[in-house]
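Required output: the full structure, derived from the provided sequences and hints.
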Amino acid sequence: MALLQISEPGTSTAPHQHRLAVGIDLGTTNSLVASVQSGLARVLDDERGRALLPSVVRYLPDGGVSVGYEAQARQSEDPHNTIVSVKRFMGRGLKDLDKANVPYRLLDEPGMVKLKTAHGVKSPVEVSAEILRVLRSRAERALGGELVGAVITVPAYFDEAQRQATKDAARLAGINVLRLLNEPTAAAIAYGLDHGVEGVYAVYDLGGGTFDISILRLSKGVFEVLSTHGDSALGGDDFDQRIFCWVLEEAKLPPLDPRDTRLLLGKAREAKEYLTDHPEAHITAVLSSGDIVDLRLGLDDFNRITQSLVNKTLAPTRKALRDAGLEVEEVQGVVMVGGATRMPCIRHAVGEFFAQTPLTNLDPDKVVALGAAVQADVLAGNKQSGDDWLLLDVIPLSLGLEVMGGLTEKIVPRNSTIPVARAQEFTTFKDGQTAMGFHVVQGERELVADCRSLARFELRGIPPMVAGAARIRVTFQVDADGLLSVSAREQVSGVEAAVVVKPSYGLSDGEIARMLSEAHAHAEEDMKARALNEQRVEAQSLLTALAAALAQDGEALLAADERHVIEAGMAKLRALAEGTEHLAIRAQVEALNQLTTPFAQRRMDRNVRQALAGQNVDSLRV
Amino acid sequence: MTPDFSADHFTLFGLPAAFRVDGAALDQAWRQLQAQVHPDRYAHAGEAEKRLSMQWATRVNEAYQTLREPLRRADYLLQRRGIHALGERQTALPAEFLMQQMEWREGLQDAQQARDAGSLDALRRVLKREATQLTDLLAQQLDAEGAWDAAADTVRKLRFVQKLAEDVNLALAALEDD
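Residue numbers (our numbering), protein chains in the order written: chain A, 1 to 622; chain B, 623 to 800.
The hints are simulated quantities; they were obtained by calculation from the structure and are not laboratory data. Model, not experiment: these values are computed from the prediction. Among the hints, erroneous ones may be present.
Unchecked claim - As a list, the in silico SDA-like pairs of lysine to any residue whose alpha-carbon atoms are at most 20 Å apart:
1. B/Lys785 <-> A/Lys220
2. A/Lys312 <-> B/Ala795
3. A/Lys410 <-> B/Phe782
4. B/Lys785 <-> A/Arg445
5. A/Lys410 <-> B/Ala795
6. A/Lys220 <-> B/Gln784
7. B/Lys785 <-> A/Lys95
8. B/Lys785 <-> B/Gly768
9. B/Lys750 <-> A/Glu327
10. A/Lys410 <-> B/Ala793
11. B/Lys750 <-> A/Arg322
12. A/Lys410 <-> B/Gln784
13. B/Lys785 <-> A/Glu562
14. A/Lys220 <-> B/Ala646
15. A/Lys312 <-> B/Leu792
16. A/Lys312 <-> A/Pro344
17. A/Lys312 <-> B/Leu794
18. A/Lys572 <-> A/Glu562
19. A/Lys410 <-> B/Leu792
20. B/Lys785 <-> A/Pro344
21. A/Lys95 <-> A/Arg445
22. B/Lys785 <-> A/Ile411
23. B/Lys785 <-> A/Ser416
24. A/Lys410 <-> B/Ala647
Stated by the list, open to error - Residues of chain A placed beyond 10 Å of chain B at every Cβ, according to the derived structure:
25. Glu47
26. Pro110
27. Val121
28. Val310
29. Glu402
30. Phe426
31. Ala556
Where a beta carbon is used, it is the ideal one built from N, C-alpha and C, also for glycine.
The structure is reproduced here in structure tokens:
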């Protein structure tokens with residue numbers, strides 16, 4: 001019996017048209033950009049051959065912005081205006097932060113903390129966008145063209161607010177986000193594809209400011225995340241802080257000014273890195289008071305003062321294993337990711353915990369960007385048939401609603417494979433109640449007060465009924481980026497009232513527009529040109545996708561007149577895209593999307609049927 | 623337009639509608655379906671296909687979760703027969719079982735107060751064994767005997783046990799946090 005063939009849906013683009021897509025690791029300490037060229041993922045260097053871009057942004061007195069090594073070199077000189085580790089502030093309010101030893105002028109604003117700089121008040125999203133802009137132009141120079149999009153990595157344990165902030169930063173930098181990808185998952189792709197491994201793997205990812213542990217099952221072409229845990233405020237920076245505090249104590253220093261704080265934190269970092277290959281490090285510095293610091297930090301001292309940090313990574317590790325329903329012995333390998341895993345104390349502790357030597361044969365700084373680049377290449381449609389794989393990721397934290405008594409009702413449990421949707425019905429509390437308030441929260445704790453508040457919204461226009469008669473169905477949908485939308489609908493009366501929340505910490509389109517116009521002084525013209533360009537790219541990508549779909553299935557799945565209507569719509573879009581009316585192009589893109597929905601539906605149904613047919617063939621062979 | 627979700631979960635994965643499922647076959651069918659419908663496959667497609675892909679992938683994940691977890695699978699099988707075991711109106715469970723519940727709950731509270739990880743872990747194992755027994759019983763009641771009402775009781779018991787097991791896990795996690 002001949003085996004049934006299964007086509008790859010939506011993957012056929014015009015031949016030889018390589019779409020430029022990159023993977024970006026937007027790190028706490030360093031950021032990188034990587035791309036797949038000629039089938040090989042590589043990190044793109046700057047013009048001086050350096051792969052890393054320090055995630056440091058300095059707002060210069062003359063109105064300019066400097067990003068990277070130059071900014072890093074000036075951080076102790078100009079601490080207020082030189083922002084390091086901004087990732088720690090993403091999606092965070094002032095109350096979430098440990099303000100100790102942070103030399104910035106922080107402003108408590110609703111939703112997210114802001115920073116006062118020489119260029120006025122900046123949101124962490126804007127600061128991150130500066131880093132992304134530099135990486136984008138580095139990539140466009142290296143690849144010789146405009147990017148169709150990027151995969152941007154985020155810590156797996158990042159919550160909704162932090163993910164949304166990251167996506168907003170990309171938008172602000174003019175980057176089309178193909179997908180937000182969890183960092184350990186990206187590392188697993190790079191590692192798994194490189195070494196062709198199968199089985200259960202743990203990825204231990206200790207970056208500059210975040211810690212993730214993910215447990216994955218790797219099997220033929222499938223990367224399935226079983227569970228993830230972590231701490232989005234624990235990283236290599238904290239080890240620097242411990243050394244810094246140790247120096248203050250040993251040298252009996254009074255509280256320092258921001259400049260000296262930066263200086264000593266820099267020295268602390270150097271000492272930490274030196275201790276990776278040496279038994280002791282010297283810390284010497286001249287403070288602005290003229291005081292001289294001259295201390296010797298032995299490896300034993302270092303291990304002692306950072307022991308509790310190391311332990312703080314092991315508790316989430318235990319939880320991740322328990323969530324995956326696995327014992328330590330069932331883990332086949334442990335992949336180490338993130339610059340901080342170079343520390344011998346970390347390698348030792350992880351090795352001891354898993355009773356095996358961790359895998360360190362990948363550059364822990366680059367592996368995430370490389371994995372993201374490979375995924376970006378696939379998402380952009382450059383995949384060669386045959387080397388495809390599937391990524392099944394999870395959400396790190398449970399999502400729920402506040403119910404009576406300040407308690408949390410979990411709607412989507414953590415570690416659910418995404419995309420996921422869950423619905424639950426609620427009812428009215430009083431007779432004649434016509435509105436209902438919803439409070440969306442994220443976290444594992446029972447009390448709403450202990451969870452993170454994501455959004456509040458109201459459903460109005462419920463027809464008056466006796467208490468308990470209305471049926472309000474609330475649906476949570478988490479997309480493949482791990483981002484949530486919530487809607488509510490009254491069922492009984494047949495009256496539909498639905499709302500979709502954009503979480504309150506997210507930036508509105510208006511805010512993005514304002515930030516964009518601030519970023520480019522000669523805004524008006526730029527904005528128009530930009531909007532037109534965006535719409536043209538959008539139109540082109542839709543036309544390409546449709547042409548491919550028609551070539552593949554037009555014959556089989558469409559009647560002649562249906563096909564004719566679609567082709568006419570395409571011709572109209574093609575003509576409009578030649579013009580300069582971006583709103584008209586957008587309208588036609590939407591119309592064409594509407595028009596082709598039944599066709600898309602048939603293709604999808606057919607693919608599903610074929611998947612089942614293929615599976616039956618497989619089971620026959622077994 | 624939403625996809626045709628009328629096919630039941632078993633049909634979707636090409637599996638017989640029974641409580642005992644071939645876990646490996648389920649996993650394989652899930653992955654095969656996701657390979658066709660997952661949003662990553664449509665990242666560069668038109669909006670219509672992207673939206674459909676998300677709906678389908680969501681639907682496939684929902685079906686998979688339902689069939690993979692014994693409690694949800696049993697509940698789903700009963701719902702197909704119009705029995706809502708976990709609905710609002712349910713019959714009381716036997717006093718004997720409820721007494722046992724209270725005993726376990728007290729054990730959990732005592733261990734929590736004493737910060738006794740050893741007892742918590744022992745209780746975790748007891749509950750795991752209990753859940754396995756109830757699952758075996760469900761297979762008997764649903765697949766062999768067709769004893770739907772009895773199975774509905776077992777489903778409710780299993781939910782009690784699983785909820786308790788979750789609380790034990792939370793208590794263990796809380797100990798680790800300090």
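Now for the hints, and whether the structure bears them out:
1. With a C-alpha separation of about 35 Å, the suggested pair B/Lys785 and A/Lys220 falls outside the 20 Å cut-off, and the hint is violated.
2. Pair hint A/Lys312 plus B/Ala795 holds up; C-alpha atoms about 13 Å apart against a cutoff of 20 Å.
3. A hinted pair counts as satisfied when its Cα atoms are at most 20 Å apart, and A/Lys410 with B/Phe782 qualifies at roughly 17 Å.
4. Using a Cα cut-off of 20 Å, the hinted pair B/Lys785 and A/Arg445 holds, with the two alpha carbons roughly 15 Å apart.
5. This hinted pair checks out: A/Lys410 and B/Ala795 have alpha carbons roughly 18 Å apart, not beyond 20 Å.
6. The hinted pair formed by A/Lys220 and B/Gln784 fails the criterion: a straight-line CA distance of about 32 Å is larger than 20 Å.
7. Between B/Lys785 and A/Lys95 the alpha-carbon distance is near 33 Å, which puts this suggested pair outside the 20 Å criterion.
8. Of the supplied pair hints, the one linking B/Lys785 and B/Gly768 is violated, its CA atoms being roughly 26 Å apart against a limit of 20 Å.
9. At most 20 Å may separate the alpha-carbon atoms for a hinted pair to count; B/Lys750 and A/Glu327 meet this at roughly 15 Å.
10. For the hint linking A/Lys410 to B/Ala793, the alpha-carbon distance of about 18 Å falls within 20 Å, and the restraint holds.
11. Using a Cα cut-off of 20 Å, the hinted pair B/Lys750 and A/Arg322 holds, with the two alpha carbons roughly 13 Å apart.
12. Using a Cα cut-off of 20 Å, the hinted pair A/Lys410 and B/Gln784 holds, with the two alpha carbons roughly 15 Å apart.
13. Using a Cα cut-off of 20 Å, the hinted pair B/Lys785 and A/Glu562 is violated, with the two alpha carbons roughly 53 Å apart.
14. With a C-alpha separation of about 14 Å, the suggested pair A/Lys220 and B/Ala646 falls inside the 20 Å cut-off, and the hint holds.
15. Simply put, A/Lys312 and B/Leu792 have alpha-carbon atoms about 17 Å apart, close enough for the 20 Å limit, and the pair holds.
16. Proximity of A/Lys312 to A/Pro344 is assessed by CA-CA distance (about 16 Å); at most 20 Å being required, the pair is judged to hold.
17. The straight-line distance between the Cα atoms of A/Lys312 and B/Leu794 is roughly 15 Å, inside the 20 Å bound, and the hint therefore holds.
18. Between the alpha carbons of A/Lys572 and A/Glu562 the distance comes to roughly 16 Å, so the proposed pair stays at or under 20 Å and holds.
19. For the hint pairing A/Lys410 with B/Leu792, the CA-to-CA distance comes to about 14 Å; that is within 20 Å, so the pair holds.
20. With a C-alpha separation of about 41 Å, the suggested pairing of B/Lys785 with A/Pro344 is violated against the 20 Å cut-off.
21. Between the alpha carbons of A/Lys95 and A/Arg445 the distance comes to roughly 18 Å, so the proposed pair stays at or under 20 Å and holds.
22. Only pairs whose Cα atoms come within 20 Å are accepted, and B/Lys785 paired with A/Ile411 is accepted, the gap being roughly 15 Å.
23. With a C-alpha separation of about 17 Å, the suggested pair B/Lys785 and A/Ser416 falls inside the 20 Å cut-off, and the hint holds.
24. Simply put, A/Lys410 and B/Ala647 have alpha-carbon atoms about 30 Å apart, too far for the 20 Å limit, and the pair is violated.
25. Every beta carbon of chain B lies more than 10 Å from that of A/Glu47, the smallest distance being close to 30 Å; the non-interface claim holds.
26. Under the 10 Å C-beta cut-off, the non-interface status given to A/Pro110 relative to chain B holds; the minimum distance is some 29 Å.
27. Consistency note on A/Val121: stated as away from chain B, and its beta-carbon is indeed over 10 Å from all of that chain's, at 35 Å minimum.
28. For A/Val310, the requirement that its beta carbon stay farther than 10 Å from each beta carbon of chain B is met, with the minimum near 14 Å.
29. Look at A/Glu402: its CB is around 19 Å from the nearest CB on chain B, clear of 10 Å, so calling it non-interface holds up.
30. Distance check for A/Phe426 against chain B: the nearest CB is about 13 Å away, which clears 10 Å, and the non-interface claim stands.
31. Even its closest Cβ contact with chain B, about 16 Å, leaves A/Ala556 beyond 10 Å, as expected for a residue assigned away from the interface.
The structure shown violates the earlier hints numbered 1, 6, 7, 8, 13, 20 and 24.
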